[in-house]
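Using the sequences provided together with the hints, build the complete structure.
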Amino acid sequence: THVVPGNEEFTRGDRIARPRGAGGGGAGRASNEGEGLDEFVFQINQREFLDALFDDMELPNLTKRQLSGLEEFKRVKGGFASDGPPSSMSVVRSMRSATARRIALGASKRSALRELEKTLAELPESDDNRAARAELEEQIQVLREQLARIPFIDDVDIRYHRHIQEPIPHSKAVMFCLMDVSGSMDQYTKDLAKRFYILLYLFLSRNYDRTEVVFIRHHTTAKEVDEEEFFTSRETGGTVVSSALELMQSVIEARYPSSEWNIYGAQASDGDNWPDDARRSSAALQQLLPLCQYYAYIEITQSGDKPLWHTYSRLREEWPETFAMQHITGPKDIYPVFHELFRKQSA
Numbered sequence: 021t022h023v024v025p026g027n028e029e030f031t032r033g034d035r036i037a038r039p040r041g042a043g044g045g046g047a048g049r050a051s052n053e054g055e056g057l058d059e060f061v062f063q064i065n066q067r068e069f070l071d072a073l074f075d076d077m078e079l080p081n082l083t084k085r086q087l088s089g090l091e092e093f094k095r096v097k098g099g100f101a102s103d104g105p106p107s108s109m110s111v112v113r114s115m116r117s118a119t120a121r122r123i124a125l126g127a128s129k130r131s132a133l134r135e136l137e138k139t140l141a142e143l144p145e146s147d148d149n150r151a152a153r154a155e156l157e158e159q160i161q162v163l164r165e166q167l168a169r170i171p172f173i174d175d176v177d178i179r180y181h182r183h184i185q186e187p188i189p190h191s192k193a194v195m196f197c198l199m200d201v202s203g204s205m206d207q208y209t210k211d212l213a214k215r216f217y218i219l220l221y222l223f224l225s226r227n228y229d230r231t232e233v234v235f236i237r238h239h240t241t242a243k244e245v246d247e248e249e250f251f252t253s254r255e256t257g258g259t260v261v262s263s264a265l266e267l268m269q270s271v272i273e274a275r276y277p278s279s280e281w282n283i284y285g286a287q288a289s290d291g292d293n294w295p296d297d298a299r300r301s302s303a304a305l306q307q308l309l310p311l312c313q314y315y316a317y318i319e320i321t322q323s324g325d326k327p328l329w330h331t332y333s334r335l336r337e338e339w340p341e342t343f344a345m346q347h348i349t350g351p352k353d354i355y356p357v358f359h360e361l362f363r364k365q366s367a
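Just so you know, we're using my numbering here: the sequence shown kicks off at 21 and counts up by one.
Simulated from the structure, these hints should not be mistaken for laboratory data. Please note: incorrect hints may appear among the correct ones.
Quick list of in silico lysine-lysine cross-link-like pairs, DSBU-like style, CA-CA up to 35 Å [said to hold, decoys possible]: (1) Lys97 <-> Lys364; (2) Lys97 <-> Lys352; (3) Lys364 <-> Lys352; (4) Lys210 <-> Lys129; (5) Lys94 <-> Lys326; (6) Lys352 <-> Lys326; (7) Lys138 <-> Lys214; (8) Lys192 <-> Lys210; (9) Lys97 <-> Lys243; (10) Lys352 <-> Lys210; (11) Lys192 <-> Lys214; (12) Lys129 <-> Lys214; (13) Lys94 <-> Lys214; (14) Lys94 <-> Lys364; (15) Lys94 <-> Lys138; (16) Lys192 <-> Lys129; (17) Lys243 <-> Lys364; (18) Lys138 <-> Lys97; (19) Lys326 <-> Lys138; (20) Lys192 <-> Lys352; (21) Lys138 <-> Lys210.
As structure tokens, this is what we get:
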């Protein structure tokens, strides 16, 4: 490229940016000038997104109980294969494979290119060095062309989900979702609690076919509700936490005997409670914890530990393996806290 005499827009040495959307994806010669964005976008479907989101998570302490005599199977993903129908292609794994191949094929060339460019930059421009510089520039151009010819994605990169028949474990599990909807919970705090429970519901729906969910809302009194009312009802009132814990105990006794069911609980609150209810709440949870495989308490607050946190902390010391407590201060905390509560434990 050269500047024509009389040009008033550019001078020798100017770097001309490549137009946006033309980031070198064509079949032209390689160049060290210009910048832009390649017009490349890949999409993943909802299942692939949820697979990535919940890949290393599980219900803690899940055990098999009440095995039936009839063994059932389900078709599940069993790794990846290099061939398969287009509908089973894994976009994420294919892109990962393509990236690894491009890095491996181009690593030595990029290293050599950097050395040549460094040598060229350090070589003074003079008549004595003209031949040496020309040779270096030619070698640099060859390397750039070789790098440009490495395909972005190749047939060898494509990976497909492999499916296998897996026996269905006949574990029976129930998750109790206890949400504080008292007057001390402002709309922002309730929204954070609902987001946490939506994430929990998606996790259970995706990972556990036979898990039942019991929704309990509470203020001064507690009530078992359906999914829609749990997330949309605007009913509110005072704060008596023991009402929810005692209702959970009653539902377990009526429908979910601990000898047959894996019982889990997830309680979200701003941490406030009627002072006279502290001892009763502690006693109610003390009765529940021996029945539960795992119980998680999530306190949503920006002002430090609240009364309920202090009440529960003493129980946490007695049940360190099955009782977990976490804080949420804003939307950014929801997934990290959820992941910490339900991440797979190392063997």
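- Can you give the numbers of the hints that this structure goes against, from lowest to highest? 4, 5, 7, 9, 12, 15, 16, 18, 19 and 21
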